[in-house]
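Produce the complete structure using the sequences and hints provided.
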Amino acid sequence: MRREILTSVLLILLRVSVLSAQHKIQNTQNVKVTIGNTEVQVQFYSPSVVHIVKVPVNDPYEHKSLVINKIPDRVSVIVKRQGGLLTMISKVLTVTLNEKNGRVNFFDKKGNHLLTDSVTTFRPKDDAGKPSYTVKGAFILNKTEPIYGIGQVMDNKFNRRGASYQMKNENTFTYSPYFMSVKGYGVYWDNYSVSNFSDKPGELAFESLGQCADYYFMYGGNADGVIKRIRSLSGKAPMLPLWAYGFFQSRERYKTQDESLDVLKKYRELHVPIDVIIQDWRYWPEYKGTDSAWNSQLFDPERFPQPKQWADEIHKLHAKLMIVTWPGFGPKTDQRKELDSKKMIINFDTWPPNSGARPYDVYNPAALDIYWKYLNKRIFSYIGNDGWWLDSTEPDHINVKDSDFDLPTHLGSYRSVKNAFSLMHNGGIATHQKETLKSKRVVLLTRSGFIGQQRYGSNTWSGDVPSSWEMLQKQIPAALNYSLMGIPNWNSDIGGFFAGGWVKGGGAKNPGFQELYLRWMQFGAFCPMMRSHGTDVPREIYNFGNPGDWCFDGQQKMINLRYRLLPYNYSTAWDVSKNDGTFMRPLVMDFAADGKTHEIGNEYMFGRSLLVSPVTKPDVKTWPVYLPKGADWLDFWIGERVAGGQTIDKEVPKDIIPIFVKAGTILPWGPSVQYSGEKSWDDLEFRIYPGADGSFTLYEDEKDNYDYEKGLYSTIDFKWNDLKRELTIAARKGKFPGMIAIRKFRIAIVKPSENTGMDANNIFKTIDYDGREINIKVK
1 MRREILTSVL
11 LILLRVSVLS
21 AQHKIQNTQN
31 VKVTIGNTEV
41 QVQFYSPSVV
51 HIVKVPVNDP
61 YEHKSLVINK
71 IPDRVSVIVK
81 RQGGLLTMIS
91 KVLTVTLNEK
101 NGRVNFFDKK
111 GNHLLTDSVT
121 TFRPKDDAGK
131 PSYTVKGAFI
141 LNKTEPIYGI
151 GQVMDNKFNR
161 RGASYQMKNE
171 NTFTYSPYFM
181 SVKGYGVYWD
191 NYSVSNFSDK
201 PGELAFESLG
211 QCADYYFMYG
221 GNADGVIKRI
231 RSLSGKAPML
241 PLWAYGFFQS
251 RERYKTQDES
261 LDVLKKYREL
271 HVPIDVIIQD
281 WRYWPEYKGT
291 DSAWNSQLFD
301 PERFPQPKQW
311 ADEIHKLHAK
321 LMIVTWPGFG
331 PKTDQRKELD
341 SKKMIINFDT
351 WPPNSGARPY
361 DVYNPAALDI
371 YWKYLNKRIF
381 SYIGNDGWWL
391 DSTEPDHINV
401 KDSDFDLPTH
411 LGSYRSVKNA
421 FSLMHNGGIA
431 THQKETLKSK
441 RVVLLTRSGF
451 IGQQRYGSNT
461 WSGDVPSSWE
471 MLQKQIPAAL
481 NYSLMGIPNW
491 NSDIGGFFAG
501 GWVKGGGAKN
511 PGFQELYLRW
521 MQFGAFCPMM
531 RSHGTDVPRE
541 IYNFGNPGDW
551 CFDGQQKMIN
561 LRYRLLPYNY
571 STAWDVSKND
581 GTFMRPLVMD
591 FAADGKTHEI
601 GNEYMFGRSL
611 LVSPVTKPDV
621 KTWPVYLPKG
631 ADWLDFWIGE
641 RVAGGQTIDK
651 EVPKDIIPIF
661 VKAGTILPWG
671 PSVQYSGEKS
681 WDDLEFRIYP
691 GADGSFTLYE
701 DEKDNYDYEK
711 GLYSTIDFKW
721 NDLKRELTIA
731 ARKGKFPGMI
741 AIRKFRIAIV
751 KPSENTGMDA
761 NNIFKTIDYD
771 GREINIKVK
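According to this note's numbering, the sequence shown holds residues 1 to 779 in order.
Treat the hints as calculated values from the structure; they're not laboratory data.
What you are looking at is a predicted structure, and each value in this text was computed from that prediction instead of being measured.
Nothing false has been slipped in among the hints.
Here are the simulated BS3-like cross-link-like pairs (lysine-lysine), alpha carbons at most 27 Å apart as the crow flies: (1) Lys-143 with Lys-200; (2) Lys-744 with Lys-777; (3) Lys-70 with Lys-710; (4) Lys-438 with Lys-316; (5) Lys-316 with Lys-557; (6) Lys-438 with Lys-377; (7) Lys-440 with Lys-679; (8) Lys-703 with Lys-719; (9) Lys-434 with Lys-703; (10) Lys-236 with Lys-578; (11) Lys-719 with Lys-733; (12) Lys-438 with Lys-308; (13) Lys-440 with Lys-733; (14) Lys-168 with Lys-70; (15) Lys-719 with Lys-765; (16) Lys-308 with Lys-255; (17) Lys-629 with Lys-650; (18) Lys-377 with Lys-337; (19) Lys-401 with Lys-332; (20) Lys-765 with Lys-733; (21) Lys-654 with Lys-504; (22) Lys-679 with Lys-765; (23) Lys-703 with Lys-265; (24) Lys-440 with Lys-578; (25) Lys-228 with Lys-578; (26) Lys-64 with Lys-168; (27) Lys-377 with Lys-308; (28) Lys-316 with Lys-266; (29) Lys-308 with Lys-266; (30) Lys-679 with Lys-578; (31) Lys-332 with Lys-342; (32) Lys-343 with Lys-332; (33) Lys-765 with Lys-724; (34) Lys-703 with Lys-679; (35) Lys-337 with Lys-288; (36) Lys-650 with Lys-157; (37) Lys-621 with Lys-157; (38) Lys-719 with Lys-578; (39) Lys-434 with Lys-64; (40) Lys-733 with Lys-679.
Set out below in structure tokens:
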């Protein structure tokens, strides 16, 4: 094999001579070759993305992807055959196919070897009476090459080398067959069956049920580039509304409409910011005291007697309503009866136990239509809620039997498509809602996910995790690996879901739980969604004490910080949507040249400027923070400047999470508000963290509709020249209805101070900005 790679490298180095031998060249981006009993297809989707399909010759099969929605670009590719080696060259990649053994090698344009597709095997497999295969695709990587991705896995691992997983989406475990290398490439194995991933010495492999081996090799040069490629294949992430970056409050559960309204009113009385109240399960009527009417999507007339008025009251309190809906229906519901009559139910038991509830066939487009028909009539168009909590989207599976996986769906056995359940369920609701009402952006909170789900505005949460310090630690690398799959929206139940172990010591008054909850909230403030939820112990801020108590004040501090960062977070959301950026950025994304970052999964960049290192152990006085090489860093709380490439011990009293700002950052600082839309951004502060050149783009639009897709938005570019000590505010680009024409910008230069963080007062100059370019010299 080493000789084969060397031969390929020589061919690439002889590229010029290859190009001159015109009689040996054909121009095509799609080649099919039969090698033994396998047909191999190599197709360039773009100069940097290659689609590989391998199919047994005696069993031709065309795979229609549930994930990939890109039509291949027209790509200029040069093809040459020499000595049993087929070489395809684009302006970015060279791919060689050994026509004797079927091995595929990938090289960058300089001839650097990236990856070898080693062996693909097909073992006949009976798939619920349909002839199929257990397909194994193997790859050879460098021995010490770090890889990331695979999904949200609660094992506290960041680098996935040496790991093995059964890839079956379940509560708290969310997989996609994808990995990204520190060398700047990624591989997506396009299969949705219950699968296996293993990385053993000499071989990384996916093993799945299927008719073919089908994968995409994506070269981006770095992590951002790979994420751009996977989103180009599977869909870009849409903008969420501004309110989605506020604070969400929930519990398991609010039993009446008055109870949730009282919570919201209490927050307003306490002047604690909040944007969203969430309604969990059993708002529907019960049937003779049982769950046989589970998820009817109707409102119980005693506990929710006026659901439209309830939603209206929430809106009058300047908040939004997110309401839960499940993929399973009890046998007494109208939905179940209709779906059953049309054979659109997958006949295994789902949550809750002993209810008779069963999931619908999300793989059937007609079933998705039926689901929305009821959801729209009974909830969305009736009460005007603002978002959906899609629980149990794995889905829950009660009394599991192996034969359950043989059950039929619209697209084949449940086993063959199981991992795409959440993708299809989210897609059905998102697509229908957008078609129904374009003035309200889709916001979905979902317990599972799969690559491609980012195109639906979905935000995956980590599931029903226990309330423990160990589990808090596991959230961070799980979130980072999930984000590296190109799915930018993620969150967790602040405080963990199951908190029963803390009840004995006083629940929300238990000092141990209070500390865990506050530290988890600090982490939650730097997730794409900041949401409090759980069972056993109520989570509303006033349950933890009163103003002046350390736990209350610490929470309020984090919630206030979240709201002051709204202009930064919303502009980051635009970077995610427009430029394929990422909210939670493991340090390896921005500092891959620093080898230490390759193994760091417990801290990350939030957006492109803020490094956060959540505290995940109790009763600590200081917390070690690694500051990567390649930048200087300023302590957010005290303004102290620290050189990169070292670990420092940051003092962390209970109300402080380590936050470091990259030198050169221009950080917008929003007004103090009680909800996201309370005040306009007509008087924004911009904090400059000197020490390097920097830039920032402020994004603004109408906050909650799809007009931005028509170009109705504005951007303002800020650039800081550190040597000249000069800030340039460029001319505004774009416009939208309600845009602020003339506004104030307060420019602050950050310097060491005890109040640099929340209440900084380093204003250097206040200017009026009317959309024309301004240059500001800082003495």
